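Chemist: Next come the chains, spelled out residue by residue.
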Amino acid sequence: MKRVAAAVLLITFLLLLLAASSLAVERLFVGGIEVELEEPLEIVSGVILVPTWLLEKHFGGTVQISDSRITAAFADQTILMRLGEKSALVDGESHKLDVAPQRRGNEVLLPLRFFADRLGFQLVLEEDGKVLRLQKPSQVRERASLFERLRQETSWAEEPEPVEPVEETAQGLSDIVYMGGARSRVFIDLQSYTGYQTNLLTDPPRLILDLYGVEGGPLPVVEVDDSLLIRIRSSRFDEETIRLVFDLNAASGYKVTPWADRGLEVEFNHMLYAAGLRERDGFIELWLEASHPPSIEAIYLEDPQRLVLDLQDTTLLASVRELPAGYERISRLRMQQHSPEVTRLVLELAGPVTMLPLQEAGPGRYVIPLFQGTAQEAQRMFDLDDFEPVISPDFSDDTKPVFGPQRGEDGEGILRGVIVAIDPGHGGSDPGTIGYHGSFEKDINLAISFFLGKLLKEAGAEVVYTRDTDVYVSIFERPEIAVRAGADLFISIHANSHIKRGTARGTETLYRANDLVSQRLAQLVQAELVQAITLVDRRIWGRDDLAIFNGSTIPAVLVEVGFLDHPDEEVLLRAEGFQQIAAEGIYNGIERFILEYFGKGEGQ
Amino acid sequence: MKWERRIAGLLLILILLLVGRGVWKVYQGRMVPVSLIEEGAPYYPVYFAAADSAHLEPEFRPGTADVAAVLKDLLEGPRLPGLAPVLPPDVSVLGYTQRGSVLYVSFSHHLRSNHPGGSRAEMLTVYGIVNSLTEIAGIERVQILIEYEQIDTLTGHIDLGKPLERDYSLLGSTMI
Numbered sequence: 329m330k331r332v333a334a335a336v337l338l339i340t341f342l343l344l345l346l347a348a349s350s351l352a353v354e355r356l357f358v359g360g361i362e363v364e365l366e367e368p369l370e371i372v373s374g375v376i377l378v379p380t381w382l383l384e385k386h387f388g389g390t391v392q393i394s395d396s397r398i399t400a401a402f403a404d405q406t407i408l409m410r411l412g413e414k415s416a417l418v419d420g421e422s423h424k425l426d427v428a429p430q431r432r433g434n435e436v437l438l439p440l441r442f443f444a445d446r447l448g449f450q451l452v453l454e455e456d457g458k459v460l461r462l463q464k465p466s467q468v469r470e471r472a473s474l475f476e477r478l479r480q481e482t483s484w485a486e487e488p489e490p491v492e493p494v495e496e497t498a499q500g501l502s503d504i505v506y507m508g509g510a511r512s513r514v515f516i517d518l519q520s521y522t523g524y525q526t527n528l529l530t531d532p533p534r535l536i537l538d539l540y541g542v543e544g545g546p547l548p549v550v551e552v553d554d555s556l557l558i559r560i561r562s563s564r565f566d567e568e569t570i571r572l573v574f575d576l577n578a579a580s581g582y583k584v585t586p587w588a589d590r591g592l593e594v595e596f597n598h599m600l601y602a603a604g605l606r607e608r609d610g611f612i613e614l615w616l617e618a619s620h621p622p623s624i625e626a627i628y629l630e631d632p633q634r635l636v637l638d639l640q641d642t643t644l645l646a647s648v649r650e651l652p653a654g655y656e657r658i659s660r661l662r663m664q665q666h667s668p669e670v671t672r673l674v675l676e677l678a679g680p681v682t683m684l685p686l687q688e689a690g691p692g693r694y695v696i697p698l699f700q701g702t703a704q705e706a707q708r709m710f711d712l713d714d715f716e717p718v719i720s721p722d723f724s725d726d727t728k729p730v731f732g733p734q735r736g737e738d739g740e741g742i743l744r745g746v747i748v749a750i751d752p753g754h755g756g757s758d759p760g761t762i763g764y765h766g767s768f769e770k771d772i773n774l775a776i777s778f779f780l781g782k783l784l785k786e787a788g789a790e791v792v793y794t795r796d797t798d799v800y801v802s803i804f805e806r807p808e809i810a811v812r813a814g815a816d817l818f819i820s821i822h823a824n825s826h827i828k829r830g831t832a833r834g835t836e837t838l839y840r841a842n843d844l845v846s847q848r849l850a851q852l853v854q855a856e857l858v859q860a861i862t863l864v865d866r867r868i869w870g871r872d873d874l875a876i877f878n879g880s881t882i883p884a885v886l887v888e889v890g891f892l893d894h895p896d897e898e899v900l901l902r903a904e905g906f907q908q909i910a911a912e913g914i915y916n917g918i919e920r921f922i923l924e925y926f927g928k929g930e931g932q
Numbered sequence: 203m204k205w206e207r208r209i210a211g212l213l214l215i216l217i218l219l220l221v222g223r224g225v226w227k228v229y230q231g232r233m234v235p236v237s238l239i240e241e242g243a244p245y246y247p248v249y250f251a252a253a254d255s256a257h258l259e260p261e262f263r264p265g266t267a268d269v270a271a272v273l274k275d276l277l278e279g280p281r282l283p284g285l286a287p288v289l290p291p292d293v294s295v296l297g298y299t300q301r302g303s304v305l306y307v308s309f310s311h312h313l314r315s316n317h318p319g320g321s322r323a324e325m326l327t328v329y330g331i332v333n334s335l336t337e338i339a340g341i342e343r344v345q346i347l348i349e350y351e352q353i354d355t356l357t358g359h360i361d362l363g364k365p366l367e368r369d370y371s372l373l374g375s376t377m378i
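Protein sequence lines, in the order shown, are assigned to chains A and B.
Last residue of the first sequence? That's 932 in my numbering, and every number before it is there in order.
Last residue of the second sequence? That's 378 in my numbering, and every number before it is there in order.
Since the hints were derived computationally from the structure, they do not count as laboratory data.
These numbers come from a predicted model, not from an experiment.
Treat the hints loosely; a few may be bogus.
Covered stretches of chain A (chain B as the covering partner; in silico rule of three or more C-beta atoms under 8 Å from a C-beta of chain B) [said to hold, decoys possible]: (1) 544-558; (2) 749-759; (3) 802-813; (4) 831-841.
Every residue gets a Cβ at the ideal spot worked out from N, C-alpha and C, and that includes glycine.
The shape of chain A in the complex, shown without the other chains (with noise of 0.2 Å):
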């Protein structure tokens, strides 16, 4: 009975050792890069307290205390403390501390957690609360599970084996091939690895990128020296992991791509250093400073009136991010890093403003010319053929379409012969889908199948609407009226929505299900469509379950040019302008289709 207790004593006292040992974290790492701590973090209730130099330095924020006032400040908010006070004021609302914060000598002793919170960061004990590992959550889970392997994988000895000197294997990096281009792609060559994290530090900026699971030695340095990347070096970290570390002249946004057979890629984001606005011979110019000719998509909006600029793969590393521009139809240009990818332009309007094409204007160096007017008037101003306006608000309806296909002389269309039914989708009783702010998708429909029927006649083809009212009609008639009219082809015009309102954008385009005919007619309208108004490629999809399809055999295809339940889409739809564009694309794809099927309309 007494070894039964004492045994039971003994243990209870090694578990009170190791929980106590717990309550002091002797190693932290913050985004995997370890910090060095003089001591052992305080814990308080159970809550980290960590000084500020060690958020400034490693947080990228700036503290600064006066009298008990202790106001933080990071690139994205700013944090406002008390000392002895358990509460926290950040953008205007109060938070809950659990211990607040409070002075220790010369420091001051912040509570970690909430900070870590409010950046985004996890916290993650490992060693029996030794060590503390502040991740952002997808590093979190790459090591965790490492982590979970580990454990199940080794019998935690009680001394690591030594590392063995090992010669390059299989197993090992093999190689950093520098492959260079616009954006510095480096493929790192390696067997296999268990997982991947990378970090973007600044100061001086490098991205560093740790490689689970890799054995193997390092290899040489990689000396590379262009416009961004200076060099590559690697070093073995430790047992399990291989960093390397790419010195940079900018901290610029990345990309990761794992290879689906070995090894993994890393290619970097151009750069736009710097914009603004000029004058120039009568001409409002925005220019660029970038490296390399910034690939666009831009996009019209209303309410209030903008011109959204969005450059593809691009970092931001203009200083200036928002400049009063004065000129009479353009009132501010405001630039922000939209999305590690995408650096977004906004130019806030007062009037139609009409991009024309970007021009390069030296090394480095690019020039947007901005015509103060829209699209026609930009058009005759400069008589130009195979001028495409990027985006233009406000077409006024009696002009012919700007940048349709060239049509032959004296209504000789080119689709001659051809009869095309249109389907505007929906009407009377059936509204459709409802849009964010209560329009109804027949309405939509309807005005979106008149331009595009204007264009087809225009072009010579004879059109069939299945609607040409706010009528019912059912969907099981819709194909049967086409069919009656002998048509060639059969167009359904629809506004979408998502289960999830106002989760989803873009354009995808339904066709007959194993019909290669529907399906061609159905890429090439929706890759004009795209094209043409610029909103999310959302593909085409084959069904077999519509009924509008089910009721003939003609071409058929069923657009859904956007949607109306996402507040944003909602707006572009009930735009004229932009149903004028948006038939003007399915019109182009319909154009394509009869010419590449038929030959010449009228021959077919």
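The hints should help you fit chain B onto chain A, whose structure is shown.
Modeler: Then chain B, alone, in the frame of chain A:
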């Protein structure tokens, strides 16, 4: 007696310590259980929508699928964050019956009157129902009825006048 009490006391302390440490660790690491299902136990998928996604996403439930359970799951909606129900609000199931491998399910009128419309939303609703129910052994096709009546369509795109088979194209590339 004394020893027993002491041992009991020590054991109690021990248990408290272990529980306390566990709670502390969960709190610190924000450990969220990855799966709702125990390993090795039977489970079945119920399909829901994900924001912005054109596809249906499975959520796995413990147990073996039967019609009542799957319909209840569909009505309850997803448990995982990021997923959305495929049925509009206020819908109820009025009844169901199976003939051969075809299951007929009658929903209340809310399935239509509260539905947002749009072809993508209609596809997600219809095949959220059909794909979930065809996971049940013996059910190959499903016909959706409203207030016990056969309907032409739900929101004006899909022909619902006949039983529908499972749609694999809506299950996302990883599922096929």
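Chemist: For each hint, tell me whether it holds in the structure or not.
Modeler: Here's how the hints hold up against the structure:
no. : hint    : in the structure
1   : 544-558 : violated (count 0)
2   : 749-759 : holds (count 4)
3   : 802-813 : holds (count 3)
4   : 831-841 : holds (count 5)
Checked against the numbered hints given earlier, this structure breaks only hint 1.
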